[in-house]
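Peer 1: The lines below spell out each chain.
2 protein chains.
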Amino acid sequence: MIIPTIADVMSAHERIAPYIHRTPILTSSYIDGQVGASLFFKCENLQKAGAFKARGAANAVFSLDAVSAAKGVATHSSGNHGTCLSYAAGKRGIACTVVMPRTAPQAKKDAVRGYGGTVVECEPSVTSREATFAEVVAQSGAEFVHPYNDPRVIAGQATCSKELLNEVAGLDAVIAPIGGGGMISGTCLTLSSLAKQVQVYAAEPDRADDACRSFRAGRIIADDAPQTIADGLRVPLKDLTWHFVKTNVTNVLTVSELEIVDAMKLIWKRMKLVVEPSSAVALAAVLKNSNVFVGKRIGVILTGGNVDLDNLPWR
Amino acid sequence: MIIPTIADVMSAHERIAPYIHRTPILTSSYIDGQVGASLFFKCENLQKAGAFKARGAANAVFSLDAVSAAKGVATHSSGNHGTCLSYAAGKRGIACTVVMPRTAPQAKKDAVRGYGGTVVECEPSVTSREATFAEVVAQSGAEFVHPYNDPRVIAGQATCSKELLNEVAGLDAVIAPIGGGGMISGTCLTLSSLAKQVQVYAAEPDRADDACRSFRAGRIIADDAPQTIADGLRVPLKDLTWHFVKTNVTNVLTVSELEIVDAMKLIWKRMKLVVEPSSAVALAAVLKNSNVFVGKRIGVILTGGNVDLDNLPWR
Numbered sequence: 001m002i003i004p005t006i007a008d009v010m011s012a013h014e015r016i017a018p019y020i021h022r023t024p025i026l027t028s029s030y031i032d033g034q035v036g037a038s039l040f041f042k043c044e045n046l047q048k049a050g051a052f053k054a055r056g057a058a059n060a061v062f063s064l065d066a067v068s069a070a071k072g073v074a075t076h077s078s079g080n081h082g083t084c085l086s087y088a089a090g091k092r093g094i095a096c097t098v099v100m101p102r103t104a105p106q107a108k109k110d111a112v113r114g115y116g117g118t119v120v121e122c123e124p125s126v127t128s129r130e131a132t133f134a135e136v137v138a139q140s141g142a143e144f145v146h147p148y149n150d151p152r153v154i155a156g157q158a159t160c161s162k163e164l165l166n167e168v169a170g171l172d173a174v175i176a177p178i179g180g181g182g183m184i185s186g187t188c189l190t191l192s193s194l195a196k197q198v199q200v201y202a203a204e205p206d207r208a209d210d211a212c213r214s215f216r217a218g219r220i221i222a223d224d225a226p227q228t229i230a231d232g233l234r235v236p237l238k239d240l241t242w243h244f245v246k247t248n249v250t251n252v253l254t255v256s257e258l259e260i261v262d263a264m265k266l267i268w269k270r271m272k273l274v275v276e277p278s279s280a281v282a283l284a285a286v287l288k289n290s291n292v293f294v295g296k297r298i299g300v301i302l303t304g305g306n307v308d309l310d311n312l313p314w315r
Numbered sequence: 001m002i003i004p005t006i007a008d009v010m011s012a013h014e015r016i017a018p019y020i021h022r023t024p025i026l027t028s029s030y031i032d033g034q035v036g037a038s039l040f041f042k043c044e045n046l047q048k049a050g051a052f053k054a055r056g057a058a059n060a061v062f063s064l065d066a067v068s069a070a071k072g073v074a075t076h077s078s079g080n081h082g083t084c085l086s087y088a089a090g091k092r093g094i095a096c097t098v099v100m101p102r103t104a105p106q107a108k109k110d111a112v113r114g115y116g117g118t119v120v121e122c123e124p125s126v127t128s129r130e131a132t133f134a135e136v137v138a139q140s141g142a143e144f145v146h147p148y149n150d151p152r153v154i155a156g157q158a159t160c161s162k163e164l165l166n167e168v169a170g171l172d173a174v175i176a177p178i179g180g181g182g183m184i185s186g187t188c189l190t191l192s193s194l195a196k197q198v199q200v201y202a203a204e205p206d207r208a209d210d211a212c213r214s215f216r217a218g219r220i221i222a223d224d225a226p227q228t229i230a231d232g233l234r235v236p237l238k239d240l241t242w243h244f245v246k247t248n249v250t251n252v253l254t255v256s257e258l259e260i261v262d263a264m265k266l267i268w269k270r271m272k273l274v275v276e277p278s279s280a281v282a283l284a285a286v287l288k289n290s291n292v293f294v295g296k297r298i299g300v301i302l303t304g305g306n307v308d309l310d311n312l313p314w315r
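These protein sequences, in sequence, are chains C and D.
Here the first sequence stands for residues 1 to 315, where the numbers follow the numbering used here.
Here the second sequence stands for residues 1 to 315, where the numbers follow the numbering used here.
You may find that some hints are simply not true.
Stated by the list, open to error - Simulated pairs of lysine-lysine, DSSO-like, Cα-Cα distance not exceeding 30 Å:
#1 Lys265/D with Lys296/C
#2 Lys265/D with Lys91/C
#3 Lys265/C with Lys91/D
#4 Lys71/C with Lys238/C
#5 Lys288/C with Lys109/D
#6 Lys265/C with Lys238/D
Unchecked claim - Covered by chain C, according to a simulated footprint, are these stretches of chain D (three or more residues, beta-carbon under 8 Å):
#7 45-52
#8 260-273
#9 304-311
Claimed, not checked - Over the 12 Å line for every Cβ pair with chain C, so calculated as not near, a few chain D residues:
#10 Leu26
#11 Gly141
#12 Pro226
#13 Lys246
Bear in mind the hints are in silico, worked out from the structure with no lab data behind them.
A quick note: this is a predicted structure, and the numbers were derived from the prediction, not measured.
Where is the CB? At the ideal position from N, CA and C, for every residue including glycine.
The following block holds chain C by itself, in its conformation from the complex (with noise of 0.2 Å):
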């Protein structure tokens, strides 16, 4: 395991500059006064390909040498980190090849090749999953990029809260969801080297609560196949972003799937932004824990805007 550092962290920032966008912070007084907080919104969901994973996406494939490079990247994904994985290559123009089920919806497979990548369908299992992608990297040598259990990864986006602590002073605590643990591990890691005395939260929706029971517990426990609108969340931890949660984080807040959905609703309303319901999991857990948050200032990071427009969760 390779614990990436705030020098990685660093020079993600430096390489990934041209390629992604420098996203605003937006701030709305209603919800503050919702809350009774000053909440800061980081928008990643205007980041390029719709989501903050295009930060670990291109960190990664910017690091690789040349020979590497030449080999292309591969991931297996059917949310946003294939996006983002494929827009990433896409710009340093080499290979990439996104292993999804082939029931995965055609919105995402159109998102993984409107950047130029490959999609290679399997079907939806883990072991016809597992078996295809081995396949891939066999034929290709193209190199694994994980959603998130990566310390390239994870260094990309950990760059998200230091843009946040460079614009926002005298934050209290930073919250964003916890799927895979991606984002938490990267706010944690910039956290704790550049702000120590800004707490990190982390948020899920309590039908995937692995991340919940796992810091109860103080070890990983995986959930079985769960089911939550906030698709994006329905991954486990693995070996480093459980590090990074059990050492830096606070807390972990759950919220339900109505409680999503009216924070999701919210944002559209108030903020005007068209967010995820994986986005919003965040602001729902400020919302139902104001006790925890009243007086604060919160960096409150919008993951990623990557909705389905003719299918939406409220009528």
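Following the hints, put chain D in place on chain C, whose structure we already have.
Peer 2: Relative to chain C, chain D alone:
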């Protein structure tokens, strides 16, 4: 007719700065690729109260001397101006009355009340509106702030393209939607003083093409009860806004209802921004007339984001 000057814009910007967001300017590689140009979207959908009209309303409200302010402000508007005037009056702590047809959407009435304003309902006719409004003013002595045909309002709206000029170098043109012409007049005012080389394009629905027909005819021609999904653009030009349109606008471009909805969905999908239909009219016109804009640097003003999330114009 009092024509506002660039000095009015400068003092407006200082006056309103504490009450407005300096909205971000965002870009989309994907949309740039579609047009073959570089587009800089000024995100007034992220403005206070969800629309650029907070600028003009705040300028009018904070321009009042203490004696006038004590009597409050009043307007007739079932759109963003009513909401924004209520917002600005609330910030100054003075009364705001908005006359609105009883048939106006509940959400619009709620928005005015949400910022502390009073809604007075009239029948949905011009006669009733004028009689009701005259009564409100007679009783209160409130200062009438017209939605657009007011030099204070135009000077306020003009601060938007002042910010755009400050942040984006080498613009060739700015395009904004045109209804009554407040935003376009403000844009003309700023650009004709600070950056004469930058062309101004106005965009409007072909189902409410009074500005286009006026521009061609050289005199104001009003529509008769136009119906368009771009509900902010149904109002006619007035003398003051017509002055700017005839003097400074390069061309008025019109688009169909379908083109508006397509552009709106494109902004939601690719830029992750909630914009109302009126906001999308400018991009629709750029997409339709890419031959005019190809290779250029274009400022596109996204005017507002107040839309009914339960009733979107796509399935």
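Peer 1: Against each hint, give a clear statement of whether it holds in the structure.
Peer 2: Tested hints:
Distance hint between Lys265/D and Lys296/C is unfulfilled; the C-alpha atoms sit about 36 Å from each other, more than 30 Å. At most 30 Å may separate the alpha-carbon atoms for a hinted pair to count; Lys265/D and Lys91/C meet this at roughly 26 Å. Pair hint Lys265/C plus Lys91/D holds up; C-alpha atoms about 26 Å apart against a cutoff of 30 Å. With a C-alpha separation of about 26 Å, the suggested pairing of Lys71/C with Lys238/C holds against the 30 Å cut-off.
Proximity of Lys288/C to Lys109/D is assessed by CA-CA distance (about 28 Å); at most 30 Å being required, the pair is judged to hold. A hinted pair counts as satisfied when its Cα atoms are at most 30 Å apart, and Lys265/C with Lys238/D does not qualify at roughly 38 Å. With 4 residues carrying a beta carbon less than 8 Å from a beta carbon of chain C, the stretch 45-52 of chain D meets the three-residue requirement, and the given coverage holds. Taking a C-beta to C-beta cut-off of 8 Å, the stretch 260-273 of chain D contributes 6 residues in contact with chain C, enough for the three needed, and the coverage statement holds.
With 3 residues having a Cβ less than 8 Å from any Cβ of chain C, the stretch 304-311 of chain D passes the three-residue criterion, so the hint holds. Leu26/D, annotated as away from the interface, has a beta carbon of chain C within 12 Å; the closest lies near 6 Å. Listed as outside the interface, Gly141/D is consistent with that label: its C-beta sits roughly 30 Å from the nearest C-beta of chain C, beyond the 12 Å cut-off. Non-interface status of Pro226/D relative to chain C is upheld: no Cβ of that chain comes within 12 Å, the nearest being about 26 Å off.
Remark: the non-interface label on Lys246/D is consistent with the geometry, its nearest Cβ contact in chain C lying 33 Å away (cut-off 12 Å).
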